[in-house]
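Engineer: Sequence:
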Amino acid sequence: MKTKILLTTLLWLTVMQIRSQSIVPNQTSEVCPGVDIVFTVTIPGTLPSVSSKALNVNPVLIQGPSNVTTSGGSTTFNFTGRFADFNNKQTFTVNYTDGSGLSASWDATFPKIKSLFFASQASVFYPAPSSITAPRCQSQNFNISFPNIQYGNPYEAPQISYGTVTNYQYLLPTGWSMNGTVSNGSNWINGSNNVTVTSNLSNGDGSGIRIRPVNTACAPGLATGQEASVAISRPAPRLSVTSSPSYICTPGGTASVSISGLPAGANVSWSSSNAGLPIVGSNTGSTITVQRIGSSNGEATITATVTHCTFTYTVSQAMSFGAGAPPSITLINADKSCGTFLEAYCTNPVNSTGFIWNFNFGQVIQNNPGYYGDYFLLKPLNQTTTGQTYYDYLSVVATTPCGNSDPSPTSSITIGPITGSCSGRIVRTPPQSLTATASEENVSEDRLFPNPVNSVLKLQVKTKNVGKYAMILDASGRILQRIKLVNTITQVDVSKLQGGTYFIKIPGEANKPLKFIK
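Residue numbers for the sequence shown follow UniProt numbering, beginning at 1 and rising by one.
Mixed in with the good hints there might be a few duds.
[What the hints assert, rightly or not] In silico DMTMM-like cross-links for lysine to aspartate or glutamate, where the CA-CA straight-line distance does not exceed 20 angstroms: (1) Lys112 - Asp98; (2) Lys464 - Asp392; (3) Lys89 - Asp36; (4) Lys518 - Asp474; (5) Lys458 - Asp446; (6) Lys53 - Glu156; (7) Lys462 - Asp474; (8) Lys505 - Asp474; (9) Lys112 - Glu30; (10) Lys512 - Asp446; (11) Lys518 - Asp406; (12) Lys484 - Asp392; (13) Lys112 - Glu156; (14) Lys379 - Asp392; (15) Lys484 - Asp474; (16) Lys379 - Asp446; (17) Lys464 - Asp406; (18) Lys512 - Glu343; (19) Lys496 - Asp446.
[To be verified] With beta-carbon atoms standing in for the labels, derived distance ranges: (20) Val456 - Lys379: 15 to 23 angstroms; (21) Gln366 - Asn267: 17 to 25 angstroms; (22) Tyr393 - Ile279: 38 to 46 angstroms; (23) Asn267 - Val364: 32 to 40 angstroms; (24) Asn67 - Thr174: 49 to 57 angstroms; (25) Cys422 - Val466: 37 to 45 angstroms; (26) Tyr126 - Lys458: 49 to 57 angstroms.
Since the hints were made in silico from the structure, they are not lab data.
In this text, a Cβ means the ideal position worked out from N, Cα and C, and glycines have one as well.
All chains, full assembly: derive it from the sequences and hints.
Structural biologist: Right under this line is the structure:
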């Protein structure tokens, strides 16, 4: 019975001790870091001392107990402490002597530290709008807003949120402004969760506006919060130049050249790359006139240079006058050992509609219409006499809406001496460049092999072309087959194609089509 009474008494004393311990500000308060706070503590005992507890984050003890008063076994005193700038719970430990003369301690733990150091669920925000399109050469206002965030302690389970953050800073592109302050590109400008920013005439394309919460409500120099951003685009105008028509056949004839898509306030200046097709009249404005000088032939690039505040753009249109410029033969390849074939490429002048190839001064005339007529193939060549050396000559003219161009310079190639072991087979020899520099037949990084081919052709393409569709064309440019490029090397079944010359064209590639012989 005595034991039961003793236990009951001890339990009552413990409860009374716990109830009689208090601290102001209390442990559920939202407290600022980085500032000195004077705490008032009441304990059921005497001889108090205070320390910071190394538990999660250590607060700082600035001054120990002061203003100590004891009455009826209870002691009240002050101490000064400062919370570290971390939003995790922090603890001060109070040590004292209780009413029985025994050592006692009490932890005052504060979980709601108003710090932005650690990101939490409460610190995430999404500005509206998420992106801004600002016209070039115009100054415009844009409103940005979002709900205020809260402080949060991500280390509690579950996380806790508390208080409200109302101060934010904005980092704008150079020359943009907010609240009367102009950005130099590195100065953060103070604001709220609802601001108006003003663009300048030119800066910011491809960048953004950075926004961060700041803890200036507690103290200067504290950690800033998790950033958000608003993307900025300032697209260039979509300019295009067209001529009507793009060729002039009549001696002294004229054509109009116009630019579209000019933004308000832009200026345009025109130039011609060829004195045979000068600009007549004004070389400014959205439309100009060009004129063919007499019976001259050639091609010209008509260029519009557009200035718009700090921006400059150029856009051009290729034109031909008279019969245009003559083509030039760029590549010749032949079976020099057995004399079975000869092939060549030429340039494709502006407005050409086809090509007429002349082999050995009229021995063979090959009229190849269309874009792919810039490829010449003579097979069989029939220069197969063993021991014989053949001297061949090749030229080409372009057909245009205004007639045939002047012929290209005549190119020469030597076949032979013919070997005695050909047996009708085709021997591929390295192509001959007209600059006497060895060159691969296919000048792009994409290539074909084997070539010639009997049944399965392997097409190796650059990585960027994987997933595209390539086209097999015949010599007249007709599309015979489409191929899905599923990998960098794609196998193509060409067994059903007739013997002859074919091309593979990959859309979007500026190089000449790849050629193969079946």
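Engineer: Work down the list of hints and note, for each, if the structure agrees.
Structural biologist: Verification of the hints:
no. : hint                                : in the structure
1   : Lys112 - Asp98                      : violated, 29 angstroms
2   : Lys464 - Asp392                     : violated, 41 angstroms
3   : Lys89 - Asp36                       : holds, 17 angstroms
4   : Lys518 - Asp474                     : holds, 11 angstroms
5   : Lys458 - Asp446                     : holds, 11 angstroms
6   : Lys53 - Glu156                      : holds, 18 angstroms
7   : Lys462 - Asp474                     : violated, 23 angstroms
8   : Lys505 - Asp474                     : holds, 11 angstroms
9   : Lys112 - Glu30                      : holds, 5 angstroms
10  : Lys512 - Asp446                     : holds, 11 angstroms
11  : Lys518 - Asp406                     : violated, 33 angstroms
12  : Lys484 - Asp392                     : violated, 40 angstroms
13  : Lys112 - Glu156                     : holds, 10 angstroms
14  : Lys379 - Asp392                     : holds, 14 angstroms
15  : Lys484 - Asp474                     : holds, 18 angstroms
16  : Lys379 - Asp446                     : violated, 25 angstroms
17  : Lys464 - Asp406                     : violated, 39 angstroms
18  : Lys512 - Glu343                     : holds, 14 angstroms
19  : Lys496 - Asp446                     : violated, 23 angstroms
20  : Val456 - Lys379: 15 to 23 angstroms : holds, 22 angstroms
21  : Gln366 - Asn267: 17 to 25 angstroms : violated, 50 angstroms
22  : Tyr393 - Ile279: 38 to 46 angstroms : holds, 40 angstroms
23  : Asn267 - Val364: 32 to 40 angstroms : violated, 55 angstroms
24  : Asn67 - Thr174: 49 to 57 angstroms  : holds, 55 angstroms
25  : Cys422 - Val466: 37 to 45 angstroms : holds, 40 angstroms
26  : Tyr126 - Lys458: 49 to 57 angstroms : holds, 51 angstroms
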